[in-house]
Amino acid sequence: MTFVSLHFSKVAFLFYFILNQRAVRTQWRQSRQIDNLAGAADKQGLQWSRSSLEKFCLMNDRQKFRELLEPILVPRIVGTQSHEEVAGHLSRTLSALGFTIEWDLFDEATPLGMKSFRTLIATHDPSVPRRLVLACHYDSKVLEGKIFIGATDSAVPCAMLLEMARTLGPYLHNRQRRDLTLQLIFFDGEEAFHEWSEMDSLYGSRHLASKWNRDYFMNTSQSSFEIKKEIDRIDLFILLDLLGAPNPLLHYFHGFSSKSAFLEMMKIEMELKKTGCLHPLQPIFQPRTIYSTVEDDHIPFLNLNVPILHLIPLPFPDVWHKASDNADVLHYETIDNLNSILRVFVARYHQLVT
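Mapped onto mature numbering (1 follows the signal peptide of the UniProt record, and there is no 0), the consecutive letters of the sequence shown carry residue numbers -26 to -1, 1 to 328.
Mixed in with the good hints, there may be bad ones.
DSS-like mimics (lysine-lysine), calculated; alpha carbons at most 25 Å apart, straight line [to be verified]:
1) LYS115 with LYS248
2) LYS233 with LYS247
3) LYS203 with LYS185
If you are wondering where the hints come from, they were derived from the structure by calculation, not from laboratory data.
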């Protein structure tokens, strides 16, 4: 029996997914796997009380989230003034929240000529060796003759990362995992300028992954010196994309994602539903396996053996790459639930003292 892994662009994958839903379905022994994961969490002392779950679940503040999101709900085409202003908003917000800011700046040829790109890296505690990475892209696509906001693609994921920094930042100093810190990456140039191809897409993620695969760091946190590549500091890389519309369905990408991390997300959603702190919506994390992946900003890191969790809904939102992908499509109850689930995951991953 031979397994053939497949990569698809977003366009090709959407077509593939529609035609092959029946072929890619598989049902897990869900309860057994989740019980096993819960047992592992018990051994690590990660099981929380109901009050602890509710504490992190209920940190959502709709007004503050909108304040973080609103400056991003503009066209963000690479090289434009609004694109630069959004980058400034991201940087100023995270700096004010105590994160250390770095930029990966570079120029690269595109079908529209040379372009300057700037990927933002914000790290809570740069001194520690390991990183839990949350990532998204902040540029928006060129739609000829139309104004494209890209609310789900990916203004909301950007705001979700800012919200994570706002709500969890004050607690990260109390983590039991002293070797780990939260790192937020906002990639530039994810979108193709002309037609999606290996060279006309993923500009920021390709450049940063290549750079970190060449750069080394010296870990002096242990009793002995340790030299490793920057890319090897990533404990888990979570990519958010196309989020914010109602009824998203997130799946496990077999061979392309961390199964244990996906199951933990599913488990957390179930636990939070039991506490009543989530809005009563259909489950987001689905017990279905997809035997392929969508080409996105995680691919350059996946190719360098970085553990990945890709949070992208299938099927894509109806407004994908349409001018209608604007603030009107956003469903804030869904965004609240996503923020709560992801926040509890990050808090548990850091083993925050509750």
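Regarding the pair LYS203 and LYS185, is the alpha-carbon distance no greater than 25 Å? The given pair, whose Cα atoms are some 10 Å apart, holds under the 25 Å limit.
Agreement of LYS233 and LYS247 with the hint, judged by alpha carbon distance not exceeding 25 Å: 21 Å, holds
Run the distance test for LYS115 versus LYS248: straight-line Cα separation, threshold 25 Å. Violated, because 39 Å separates the two Cα atoms, which is more than 25 Å.
Consistency with the previously given hints fails for number 1 only.
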